[in-house]
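**Student:** Chain by chain, the residues:
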Amino acid sequence: TQLLEQSPQFLSIQEGENLTVYCNSSSVFSSLQWYRQEPGEGPVLLVTVVTGGEVKKLKRLTFQFGDARKDSSLHITAAQPGDTGLYLCAGNTGTASKLTFGTGTRLQVTL
Amino acid sequence: KAGVTQTPRYLIKTRGQQVTLSCSPISGHRSVSWYQQTPGQGLQFLFEYFSETQRNKGNFPGRFSGRQFSNSRSEMNVSTLELGDSALYLCASSPSAVAGGITQYFGPGTRLTVL
Chain A
10 TQLLEQSPQF LSIQEGENLT VYCNSSSVFS SLQWYRQEPG EGPVLLVTVV TGGEVKKLKR
70 LTFQFGDARK DSSLHITAAQ PGDTGLYLCA GNTGTASKLT FGTGTRLQVT L
Chain B
-5 KAGVTQTPRY LIKTRGQQVT LSCSPISGHR SVSWYQQTPG QGLQFLFEYF SETQRNKGNF
55 PGRFSGRQFS NSRSEMNVST LELGDSALYL CASSPSAVAG GITQYFGPGT RLTVL
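Residue numbers (my numbering), protein chains in the order written: chain A, 10 to 120; chain B, -5 to 109.
Keep in mind that the hints were calculated from the coordinates and are not lab data. Every value quoted in this text rests on a predicted model; they were computed, and no experiment measured them. Glycine residues also receive a C-beta, built at the ideal position from the N, C-alpha and C atoms. Take the hints with a grain of salt, since some may be wrong.
Unchecked claim - Chain A regions said to be covered by chain B (calculated; three or more residues, Cβ under 8 Å): (1) 39 to 53; (2) 107 to 114.
Said to hold, decoys possible - Sample of chain A residues with no beta-carbon within 12 Å of chain B, all distances over it, derived: (3) 17; (4) 28; (5) 33; (6) 57; (7) 71; (8) 75; (9) 76; (10) 87; (11) 89; (12) 90; (13) 92.
One chain only, chain B, in its complex shape (with noise of 0.2 Å):
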């Protein structure tokens, strides 16, 4: 079975672009959650997808916004970047049904630069 795929894996914008990453879960996984990681803060939850519905969010600004389609491949996009948004982006897929799947799988993530 083929793992999570993230694509693209390397980015460079320019403050005050747009930018779009796309997250392909595991096959059959239909809980897509998406992770900022940077070396101040860590791993940081962004929100998670299940259903093409946002299940959950955490404490990002709604620049950050996302969403799922019927065939669970979910994006992310954020918009107007700023140098903090540099970080890589990690996507996770889990095949849990219920809120609260206690398994996820990461995919490689995207490692975006702002210039």
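Next up, chain A with everything else stripped away, as it sits in the complex (with noise of 0.2 Å):
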């Protein structure tokens, strides 16, 4: 069984904080992807890496993937109230059709 274990579970910042999400594995994914949801809403996308020591930007938001594409961090620099939610790690390995998910990161950002 793949697992995804994510840290930390909880986070609780100020507005301006910056802070890193952290996603691990001991299986091998292909591809990886961090979605964000709110509550009663499904997961919205945010990115997907493919390439071990892939870095990809997106606003505020950095993502990376392992070298060994067993792990990925978000790094989100000067949080925002908006930036609220559960953040999500996902990957897949190269033949399977479905998602293993991490176990989650609750983020809230106060002002």
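Grab the two chains, each in its own frame, and use the hints to assemble them into the complex.
**Tutor:** This is the structure in structure tokens:
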């Protein structure tokens, strides 16, 4: 069974602070995605990374895929209240159609 | 382009009943996957359909089943409902024609409560 562990589980910070969320596995993934989910809604795709060592930036969000494609990180610079939500990483292997989701990181950003 | 739509959004059933949930994928997407999300287990994969065929299946009992129609719309059915089936059921569609499609777009989910 492929497992994706995310840390931290919960994070409460003030507006303007920086943070990093980690997603780790003992399995190798062919691709990894990050989603943000708000209460009562489905996850919204933020980014997909496919190459080991790849770094992608989305405004204040920076995503990195580990060289061995077993881990990933999400860094948010100068967090804003609008960043509040559940952040989920999800990976898939080459021939499987399913996504294995991480345990999730619940982020709260206050004024 | 319209997103993934799911109906109904909310559903309340009692133990022993059965339920059918519906999902309409993004136009042009042929792959539809279903996931169950609970506070304790997180998001877990149920099954995936492509061109009306089940292409992949998660580790759920046979009470959970699904199907896909020729227009790519999908339904999932849960029979003999149990309290533990209370969850948010999410549908996701993917444009990929190849198994292992790496980008999935989720609908808003159906919140099922079993009393």
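**Student:** Does each hint hold? Answer for all of them.
**Tutor:** Status of the hints after comparison with the structure:
With 9 residues having a Cβ less than 8 Å from any Cβ of chain B, the stretch 39 to 53 of chain A passes the three-residue criterion, so the hint holds. Given a C-beta distance limit of less than 8 Å, the hint that chain B covers the stretch 107 to 114 of chain A holds, as 7 residues qualify and 3 suffice. Remark: the non-interface label on residue 17 of chain A is consistent with the geometry, its nearest Cβ contact in chain B lying 15 Å away (cut-off 12 Å). Listed as a non-interface residue, residue 28 of chain A keeps its Cβ farther than 12 Å from every Cβ of chain B; the least gap is roughly 21 Å.
Non-interface call for residue 33 of chain A relative to chain B: holds, since the shortest CB-CB distance, roughly 15 Å, exceeds 12 Å. For residue 57 of chain A, the requirement that its beta carbon stay farther than 12 Å from each beta carbon of chain B is not met, with the minimum near 6 Å. Every CB of chain B lies more than 12 Å from the CB of residue 71 of chain A, the least distance being 20 Å, so the non-interface label holds. Under the 12 Å C-beta cut-off, the non-interface status given to residue 75 of chain A relative to chain B holds; the minimum distance is some 17 Å.
No Cβ of chain B comes within 12 Å of the Cβ of residue 76 of chain A; the nearest lies about 19 Å off, and the non-interface call holds. Once the 12 Å rule is applied to beta carbons, residue 87 of chain A is consistent with being away from chain B; the minimum gap is 27 Å. At the 12 Å boundary, the C-beta of residue 89 of chain A stays outside the reach of chain B, the nearest C-beta of that chain being 23 Å off. At roughly 22 Å, the least C-beta separation between residue 90 of chain A and chain B is larger than 12 Å, which holds for a residue marked as non-interface.
For residue 92 of chain A, the non-interface assignment is confirmed: its Cβ lies about 19 Å from the closest Cβ of chain B, beyond the 12 Å cut-off.
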